[in-house]
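> For chain A, the structure is supplied; the task is to place chain B on it using the hints.
Protein chains in written order, with the working numbering: chain A, 1 to 59; chain B, 1 to 179.
No lab work stands behind these hints, which were simulated from the structure alone. Take the hints with a grain of salt, since some may be wrong.
[Unchecked claim] Derived Cβ-Cβ restraints for the label pairs, each shown as a range: (1) Pro5/A - Ala171/B: 50 to 56 Å; (2) Arg4/A - Ile92/B: 19 to 25 Å; (3) Ala105/B - Arg4/A: 37 to 43 Å; (4) Pro6/A - Tyr168/B: 46 to 52 Å.
Remember, it's a predicted structure, so these values are computed and weren't measured experimentally. Don't be surprised by glycine CBs; every beta carbon is placed ideally from N, CA and C.
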Amino acid sequence: MTSRPPARQAAVLATALLLGAGFGFCLERAGFGSARKLVPCYLDMAVVRCSPPSSPMGA
Amino acid sequence: MTDRHRTDGSGNGRPYWNPWLAGVLLGLVLLLSFIVAGRGLGATAAYSAVAAWLAGLANAARTADHPVHARFWNDGAPLLSWTLFLLGGAAIGAFISGLQGRRLACVTERGPAVSERTRLVLAFVGGILAAYGARLARGCTSGQALTGGAMLSVGGLVFMAAVFVAAYALAGPVRRQWR
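Next up, chain A with everything else stripped away, as it sits in the complex (with noise of 0.2 Å):
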């Protein structure tokens, strides 16, 4: 990465970043955040909820 002239490696590394923060957007989103969202058989079975959505924007 290092061989790359220092304008494209920074626009590389920025692209990384954007990518990064909508990943970690999406991620935290989903209830990622959160180590109770993930324990299997817990509380809340978000992660292998099969039921279809009934609202897009819902819990």
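Using the frame of chain A, we list chain B on its own:
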């Protein structure tokens, strides 16, 4: 730190996304990554980059030729790693989402019967196991299950199946830690 035994992950925050919607949007981020950068999402290589950097501090010449670290040495600049920046961005994105969803809190999530110390020790041990497994599998949940699964990689799909089998096999003992 006032709500250490809370029973749901969101506290008083706004509702999470519908899991189906979250999955589709996550898939679109993955697709965007393939289109823009020609590569998928992953996280494990970021830790390997930091490990190579640490090894380089001790002996740069040896790290550059090391059979494990050389791959992440990046001509002497291991911290300028694509995956490390991706991981940094993920932390920023998660922070923004938590802020927007009013879920930001300094809290150790744990069951009422487990001390904070036990919870942190278990998390640390689990982290070591996860890291070891990720290196054995040459990828973690992001790289193997998400990116590999999206590419219909047999290894990625087997990895994902193994994750679920292991998680449900251990669900009984783990469950007791949370109730």
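> Identify every previously stated hint that the structure contradicts and give their numbers, smallest first.
Checked against the structure, no hint fails, so every one of them is satisfied.
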